[in-house]
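From first to last, the protein sequence lines are chains A and B.
Start counting the first sequence at 1; every next residue gets the next number (the numbering used here).
Start counting the second sequence at 1; every next residue gets the next number (the numbering used here).
It is worth saying that the hints were derived from the structure and are not from the lab.
The structure displayed is predicted, hence computed values, not measured ones.
Idealized CB from N, CA, C, for every residue including glycine.
Some hints here could point you the wrong way.
Covered by chain A, according to a simulated footprint, are these stretches of chain B (three or more residues, beta-carbon under 8 Å) [as the list claims (entries may be wrong)]:
#1 11-19
#2 92-105
#3 247-261
Straight-line alpha carbon distances no greater than 25 Å define the calculated BS3-like cross-link-like pairs of lysine-lysine that follow [said to hold, decoys possible]:
#4 A/K3 <-> B/K105
#5 A/K85 <-> B/K21
#6 B/K17 <-> A/K128
#7 B/K258 <-> A/K146
#8 A/K91 <-> B/K258
#9 B/K258 <-> A/K32
#10 B/K250 <-> A/K228
Residues of chain B clear of chain A, computed beta-carbon distances all greater than 12 Å [stated by the list, open to error]:
#11 N8
#12 M26
#13 I63
#14 I67
#15 L111
#16 D122
#17 V123
#18 L126
#19 Y135
#20 E198
#21 N227
#22 R232
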Amino acid sequence: MIKVKNLTKYYKTPVKKNFISDLFFREYKNIKALNHVSFEIGDSELVGFIGPNGAGKTTTMKILAGILYPTSGQVRVLGFTPFEKNKDFLKQISFVMGSRNQLIWDLPATDTFLLNKEVYNIPEKGYKKMIDELSSLLNCRALLGKPVKTLSLGERMKMELIAALLHKPRLVFFDEPTIGLDIFSQETIRDFIKRYQKEFGSTVILTSHYMEDVKSLAKRLLIINKGKILYDGSLNKILEKYSHQKKVTVVLDKPVNETEIRAVGKPLDATSTHITYMIDKIDLPEKVRLITKSLPFSDLTVEDETIEEIIKNFFKEET
Amino acid sequence: MIKSFKNNLKIFFLYSKFSWKTTFQMRLGVIFFMLGKIFRFVLFFFLIYLIFMRAKMVAGYTINQAIIFYLTFNIIDTASQVFFREVYRFRPLVTSGNFDLVLLKPFHPFLRVLIGGVDFLDVFMLIPYIIITFYLAVHIAGVSPSSLFLYFLLLCNALVIAMTFHIMVLALGILTTEVDHTILIYRDLTTLGRFPLEIYREPIRGLFTFIIPIGIMMSFPPYALFNILSWRLLIYSILASCILLFISLKLWDSALKKYQSWGG
Numbered sequence: 001m002i003k004v005k006n007l008t009k010y011y012k013t014p015v016k017k018n019f020i021s022d023l024f025f026r027e028y029k030n031i032k033a034l035n036h037v038s039f040e041i042g043d044s045e046l047v048g049f050i051g052p053n054g055a056g057k058t059t060t061m062k063i064l065a066g067i068l069y070p071t072s073g074q075v076r077v078l079g080f081t082p083f084e085k086n087k088d089f090l091k092q093i094s095f096v097m098g099s100r101n102q103l104i105w106d107l108p109a110t111d112t113f114l115l116n117k118e119v120y121n122i123p124e125k126g127y128k129k130m131i132d133e134l135s136s137l138l139n140c141r142a143l144l145g146k147p148v149k150t151l152s153l154g155e156r157m158k159m160e161l162i163a164a165l166l167h168k169p170r171l172v173f174f175d176e177p178t179i180g181l182d183i184f185s186q187e188t189i190r191d192f193i194k195r196y197q198k199e200f201g202s203t204v205i206l207t208s209h210y211m212e213d214v215k216s217l218a219k220r221l222l223i224i225n226k227g228k229i230l231y232d233g234s235l236n237k238i239l240e241k242y243s244h245q246k247k248v249t250v251v252l253d254k255p256v257n258e259t260e261i262r263a264v265g266k267p268l269d270a271t272s273t274h275i276t277y278m279i280d281k282i283d284l285p286e287k288v289r290l291i292t293k294s295l296p297f298s299d300l301t302v303e304d305e306t307i308e309e310i311i312k313n314f315f316k317e318e319t
Numbered sequence: 001m002i003k004s005f006k007n008n009l010k011i012f013f014l015y016s017k018f019s020w021k022t023t024f025q026m027r028l029g030v031i032f033f034m035l036g037k038i039f040r041f042v043l044f045f046f047l048i049y050l051i052f053m054r055a056k057m058v059a060g061y062t063i064n065q066a067i068i069f070y071l072t073f074n075i076i077d078t079a080s081q082v083f084f085r086e087v088y089r090f091r092p093l094v095t096s097g098n099f100d101l102v103l104l105k106p107f108h109p110f111l112r113v114l115i116g117g118v119d120f121l122d123v124f125m126l127i128p129y130i131i132i133t134f135y136l137a138v139h140i141a142g143v144s145p146s147s148l149f150l151y152f153l154l155l156c157n158a159l160v161i162a163m164t165f166h167i168m169v170l171a172l173g174i175l176t177t178e179v180d181h182t183i184l185i186y187r188d189l190t191t192l193g194r195f196p197l198e199i200y201r202e203p204i205r206g207l208f209t210f211i212i213p214i215g216i217m218m219s220f221p222p223y224a225l226f227n228i229l230s231w232r233l234l235i236y237s238i239l240a241s242c243i244l245l246f247i248s249l250k251l252w253d254s255a256l257k258k259y260q261s262w263g264g
């Protein structure tokens, strides 16, 4: 479905000197946004594409979608060269950007849907069915007739998703689809993407700074930094490899003194009723034994590190 | 080919319909806009009348002919605003990054960024201009069906030139995110075409004919109507619009390759 080989992209940016030079003899330098990136993505895969700000995630996706012109390298998507903007190619893809919108601001979202129906030549029957299906998946039927400008960010995102997926694209790019949304809306959008992908079998590439999005949706992960792919593999493997610690929370029966708390280890957080430790996986059995022996507790929970912490570990060790 | 054209036409009409719906949500704004346009039009008529109170001919033209020059300018200027209004809204589309979403649609981006926002308020102004021009034209001695046809042909040619200017503005908008000032320069320059080219001395007249084709756009159609346009200049005007169209499309393609998709 997607084949990328040695993809490189430079952005030209002006070099600041002084007023006269900037005005008459401006010089430019090339910023390498992507540096010989190579990967392949198969049919119906759901791939998480992560990395810090400015790592090259969005640039890669925009090149794959044909928005940006690559400086060098080979890109084939669905058998097409994206930048040629072949209509048959564009009809099979969709790009959902959390911070952009295609809806007509002053009019109800249904007007944009109607437009997309003509743009993508969707038959009347299929169009109605798709609106029904997507609006029930997102539980937003009541919003369809409201002017877009009156919708909240979360509501607007639901409409954006319908507009973007009406034509059942084979390949969907989600660029931070949950950005700025409250936790409930984030969950709704995540569930929707999961169910949509399962139902329609589309290939999905997802970027998000909310690791929860990636964790709950993607099985495969591409990690990029400074324009280079650092990791391409399964999410579970990276979780195993870079998760070094466990979070242990102890609920106390009665208050204990500092010496007793520190006998187990340096706590992450301690109150009169709760103590939280971050314990290296290798020391876990011994430390748990120590806790059960020395601390008066009513409850003890052992949790994995959050995915954010694991990814932080990855970047610390790999960069 | 025909299917694709039909589909594009459908999309164009849908965009126009949405533009109509959006415009008429602000009814008070519509009223003030129309009043302003009518006031400006009437004021200029009054100015022409004042000039011809003192002289029977100006630059060799009668009052009716001078009015036709002015109406021709208005027809071309208004028609280009009717069709290319969306160009005026291009800068926010680029700076917000929403232009990305236009590039993802399976149709030519011009359908959205060039002609995707038909201005219906100007349509209302265009109709009386055309009626008055036709009325005056048939009352001028020497106007024949063939000169009327050439007049219409050169009006279309002027619209093609106006379109090429607008495409160049769009391309510059992609390269520099600058649209507003460029379009104002274009408007100011075309405003000079309200009068026949004869009122300008050389080399300004030559400049407006051969370098900045304002004369071709605004003065050549009335020349054709009054049977004073040579075949050489007629061919030159069509050739000029073809060359400008070619250059503007090349500039657009090149700008798209350099598009950086601002805003993250």
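We went through each hint and held it up to the structure:
no.	hint	verdict
1	11-19	holds (count 4)
2	92-105	holds (count 8)
3	247-261	holds (count 6)
4	A/K3 <-> B/K105	holds (22 Å)
5	A/K85 <-> B/K21	violated (31 Å)
6	B/K17 <-> A/K128	holds (21 Å)
7	B/K258 <-> A/K146	violated (38 Å)
8	A/K91 <-> B/K258	holds (24 Å)
9	B/K258 <-> A/K32	holds (15 Å)
10	B/K250 <-> A/K228	violated (33 Å)
11	N8	violated (10 Å)
12	M26	violated (9 Å)
13	I63	holds (44 Å)
14	I67	holds (38 Å)
15	L111	violated (9 Å)
16	D122	holds (19 Å)
17	V123	holds (19 Å)
18	L126	holds (24 Å)
19	Y135	holds (38 Å)
20	E198	holds (40 Å)
21	N227	holds (46 Å)
22	R232	holds (40 Å)
Violated hints for the displayed structure, listed by number in ascending order: 5, 7, 10, 11, 12, 15.
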